[in-house]
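Input sequences plus hints: build the corresponding full structure.
Protein chains in written order, with full-length UniProt numbering: chain A, 1 to 271; chain B, 1 to 276; chain C, 1 to 445.
Please keep in mind that the hints were generated in silico from the structure rather than gathered at the bench. Do not rely on the hints blindly, as some may be mistaken.
Pairs of lysine-lysine residues, derived as BS3-like cross-links and limited to a Cα-Cα distance of at most 25 Å, are as follows [said to hold, decoys possible]:
#: 1; chain 1: B; residue 1: Lys-158; chain 2: C; residue 2: Lys-75
#: 2; chain 1: B; residue 1: Lys-19; chain 2: A; residue 2: Lys-162
#: 3; chain 1: A; residue 1: Lys-191; chain 2: B; residue 2: Lys-234
#: 4; chain 1: B; residue 1: Lys-158; chain 2: A; residue 2: Lys-191
#: 5; chain 1: B; residue 1: Lys-216; chain 2: C; residue 2: Lys-2
#: 6; chain 1: B; residue 1: Lys-187; chain 2: C; residue 2: Lys-173
#: 7; chain 1: C; residue 1: Lys-86; chain 2: B; residue 2: Lys-220
#: 8; chain 1: C; residue 1: Lys-114; chain 2: B; residue 2: Lys-158
#: 9; chain 1: C; residue 1: Lys-139; chain 2: B; residue 2: Lys-187
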Amino acid sequence: MKFKCKMNDAGSMRDFTNVANTVARMSKQCVLRLTQNSIYFNIADDSMAMVWTKLDKNHFFVDYLVAGKSVEFNEIYMELNTGMLAKSVTSLKTVARSVKIKLTNKQQPCLTFDIELSSISAESRLCIHDVPVTIIPQKKWSEYNEPNIERYDISLEMPQFKHLRSVMERIKSMSPILILSADTNGVLAFKVDTNAATITVHFPNLTVLDCTSNNEISASVDIKKFHAFLAWEAVHPTAIKCNILNETVININLNLENYLQIKYYIPAIES
Amino acid sequence: MSIINDGEYKLTAKLGNVKIVLQLLKAVNFKEYATFCVSANGMKITVEEAKCMQASAYIPVQLFEEFILTEDVIFRICLDSLIETLSMLGYRLYTPDNPILLHILYKRVGYPVGILIERNGIVVDCSLKSYDPDEILDFDLDPEAVVNKVLLQSELLKDIFAELDNSSIYLELLLSPKSPYFMISTKGTIGECHIELPHNTELIETFQCKKESKSKYLLKHMGRAMKAVPFSNKVSLRTNEAGILCFQYMIKTDNDVNCFIEYYVSPVINDDDDDD
Amino acid sequence: MKCVVSGGNIKILARAIQMLSKIGEEMFVQPQEDSLSFRSVNGSNSSFADITFHENYFSYYAYEDLDESDSLKCKILIRSALTVFKIPSLINKQIETCHIQLDANSTNLCFILKYKNNIIKTHLLPILDCETIRANYKKEGTVNHLCIQPRVLNDVVQNFQQNLLEITIEVLKDKILLRNYIDETSNLSNETRTQLVFGMGEFDEYKINSNTTITFCLKELRAILHFAEILAQPIHIHFDCAGRPIVFICKTLGVESNLVLATLNPDDDLGSQSTTHTRPNSVLKNSAKKPTKAKGKIKSLSKTVFGKLANKYPTNTNTEKIESSDKISNASETSSPNNNNKFNATNSPRVNSAKVIASNSNTNKRENDNSSKQNAFSSLLKRKSNQEIHSPDGGDKDDLVQNSPPKQPSKKAKLIFKKCFQTTFNPESLPGYNNIEVEDSGESD
Chain A
1 MKFKCKMNDA GSMRDFTNVA NTVARMSKQC VLRLTQNSIY FNIADDSMAM VWTKLDKNHF
61 FVDYLVAGKS VEFNEIYMEL NTGMLAKSVT SLKTVARSVK IKLTNKQQPC LTFDIELSSI
121 SAESRLCIHD VPVTIIPQKK WSEYNEPNIE RYDISLEMPQ FKHLRSVMER IKSMSPILIL
181 SADTNGVLAF KVDTNAATIT VHFPNLTVLD CTSNNEISAS VDIKKFHAFL AWEAVHPTAI
241 KCNILNETVI NINLNLENYL QIKYYIPAIE S
Chain B
1 MSIINDGEYK LTAKLGNVKI VLQLLKAVNF KEYATFCVSA NGMKITVEEA KCMQASAYIP
61 VQLFEEFILT EDVIFRICLD SLIETLSMLG YRLYTPDNPI LLHILYKRVG YPVGILIERN
121 GIVVDCSLKS YDPDEILDFD LDPEAVVNKV LLQSELLKDI FAELDNSSIY LELLLSPKSP
181 YFMISTKGTI GECHIELPHN TELIETFQCK KESKSKYLLK HMGRAMKAVP FSNKVSLRTN
241 EAGILCFQYM IKTDNDVNCF IEYYVSPVIN DDDDDD
Chain C
1 MKCVVSGGNI KILARAIQML SKIGEEMFVQ PQEDSLSFRS VNGSNSSFAD ITFHENYFSY
61 YAYEDLDESD SLKCKILIRS ALTVFKIPSL INKQIETCHI QLDANSTNLC FILKYKNNII
121 KTHLLPILDC ETIRANYKKE GTVNHLCIQP RVLNDVVQNF QQNLLEITIE VLKDKILLRN
181 YIDETSNLSN ETRTQLVFGM GEFDEYKINS NTTITFCLKE LRAILHFAEI LAQPIHIHFD
241 CAGRPIVFIC KTLGVESNLV LATLNPDDDL GSQSTTHTRP NSVLKNSAKK PTKAKGKIKS
301 LSKTVFGKLA NKYPTNTNTE KIESSDKISN ASETSSPNNN NKFNATNSPR VNSAKVIASN
361 SNTNKRENDN SSKQNAFSSL LKRKSNQEIH SPDGGDKDDL VQNSPPKQPS KKAKLIFKKC
421 FQTTFNPESL PGYNNIEVED SGESD
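Next comes the structure, spelled out in structure tokens:
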């Protein structure tokens, strides 16, 4: 089993750090999946996939090498602590010149970050972080598969982050449940019910990308989980899409120039 | 967006400056619920605690772009929810050319209060349950009964409250015709602090002290009563013989409308003299 | 004592209090004839900070009553002092002057702040006790001496976790390695290991006479870095070897701040270490087994064992012999010595061994001068050696992040194993086990 890669582009290192930080904000643990073309950060929640982040190898890395256990299973899955990962890559955002990431065995399997830092003097500083990881055996890989949803009832573009944020910051503490509904006119509505008030926020004029029926599609979700997706604003996605399967699941798709894709799943709760 | 008032509503009001309304509401938001009294002069929002502290914010009728009232109404609603609703469209980014429009609608007793705000096409629709109002205490300080009165620019008090020692339970206010004239003191577990304010600078507009008064208030109450300092222009402090203290803040809006906030704070009657 | 601080100097005063608040709970205030010292020590006596403001820092300084000098020294809660400068942003904007006043036999230390808008704030901070504290440590002539800009060191330290307790520094002839300290008992899978290498070129002065590895607390270092930032002066670092204190000094003409930190006392059994370099001090240790009079007191701090360095004089103050003293740290405390501490034995001999080092320091100095002259060349050489580290054929060896120095087996381990030898708890052995107070309630449908 072997993995190594290198990043030396400031933009890539910044994006990578943003992804690591956001992943850390969403969960304590994550699964890092390394394939021949991409690396994935996956977060599972109650054994249900929640976040699926895909980073394109060609955009982010140079000297990329993944060698799995065999040619047939030429991938590596490992579990790691997101806080440790995020802290280790902080310097990539600002002062790093380049970083080599590799899988090492130092008393235990580690993801090693060899970071070359810039300094005031001519020579550079070298900082090594060893983040302990747990390798996931191949027979358990299937537990980390992406949920397979063929078609959603409605797909529409999401309102801008800044509008979502000011609304979500207010309603997240008002009620545990958010009722999300969308119709074919391109209106997305957020509704919360409390003892003292009923509040509905209407976002009109959104482009509907796909829909299966003319009915209003809705789903009730955990408001905290829905709010959590706002953390992805940090990666400055260029396109955000919201998919709803009536009363079943909400899927938010974020995309950054096709080299970074985030799929965020929020299961509906019965209301 | 316009609302047709077919006489069904006792109150329909429309307003373009949500920011000032929010500031006023937040300054009196030390309790979850508030009583709204609406009359031809405008709106008065009152919050009370344990009959020893009362705060009222006044939104004068001049601030409204539209104000149709068929008869005086009074209702109690959840102030927390109202504030959250009004903040939803990002009031900080308020500019006159991109205003947040606010509509307030009320039918009659037993019906909810409707709040509608709109900006850039995004609409927040909020229906607040209305409750029967509580009886409101009348703290009103009779001008005859006022012993000491100071009128000052809020700026002078700006930094004081932020630096008060929170380990102190009480705050003592001293007003006197002789030195030290105007002093605020706290006494906490980790030290004592005396703040002497000037009584004759340009920031003090009036300093009328008939005799020395020294009263103790709960620091908690004073903290609330100073919430309006940062965004107000002027404040008047008045005390009566019993030590009841009234803060009255004046807030000038961009369109030169004056809004007011008033706080009444009852003193703490000392049975144990802990000065020594 | 009466003094006045004005203008930009008030900010320094506020930062000084802030720094001391990161060290201990109490602040010792000691006015002297021409200076005023604020000191603090942490609960386990493993770190000590002294910030002395000289006469020229003040716009007015009067010591006044010389006879009463003893009654002037006092101790207050740091928390009290922090209330004086609660909002740092106001200091520059609003505060014009700060008067500090300490009267003999007073129960309060008084800070008077005069604001630009004519507000006068008087803070009366209760005096807890009339005592002072001092530490014996040497500021000069240590085996190793480094000098670095606080900003550079701060950048470097930023690479470590914010909540990291202890940091290990390995100094070599041409470079420095910093690692987070991980004690052997902790679970490796729960901690990131970080190692940072930076060269001597980043230092203003670099005099390493003996390669050494020392471990000390990071929190306090961060505190002095924050303070040094406002003084805008480099930090001087003096140290000998593991187990002996490390001293950080940052000063301007008017203010001098010293921070003394105990360093981890390594095992006698050095063989078990995976560090590659040799330890010259092991020889010294053997040659200095003579017991000394010093009532060495070591206390353990959190997970580690530290040499003791603070020195308390609860009643009388000696004159300032300490400041000039060449004596080595490690000293006495008037409170009862904690003799059952088993690390005592290993530490006390160090007092003598350290003398050996001190006498060597003259010759060392000459070497240092040479080495500083060579700086220009050495940075070139160094880059070469750095490249060696980068070179891919260096193989896995370069990846190796060394272990932290070992630590004494923890008390906790002993405690856990002690339980193995105790008899298993059997509830039946309790008296009255068979007594039935209430019969089981019958099952009813």
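Outcome of the hint check:
| no. | hint | result |
| --- | --- | --- |
| 1 | B:Lys-158 <-> C:Lys-75 | 32 Å, violated |
| 2 | B:Lys-19 <-> A:Lys-162 | 18 Å, holds |
| 3 | A:Lys-191 <-> B:Lys-234 | 41 Å, violated |
| 4 | B:Lys-158 <-> A:Lys-191 | 39 Å, violated |
| 5 | B:Lys-216 <-> C:Lys-2 | 32 Å, violated |
| 6 | B:Lys-187 <-> C:Lys-173 | 56 Å, violated |
| 7 | C:Lys-86 <-> B:Lys-220 | 18 Å, holds |
| 8 | C:Lys-114 <-> B:Lys-158 | 15 Å, holds |
| 9 | C:Lys-139 <-> B:Lys-187 | 42 Å, violated |
Violated hints, in rising order: 1, 3, 4, 5, 6, 9; the structure is consistent with all others.
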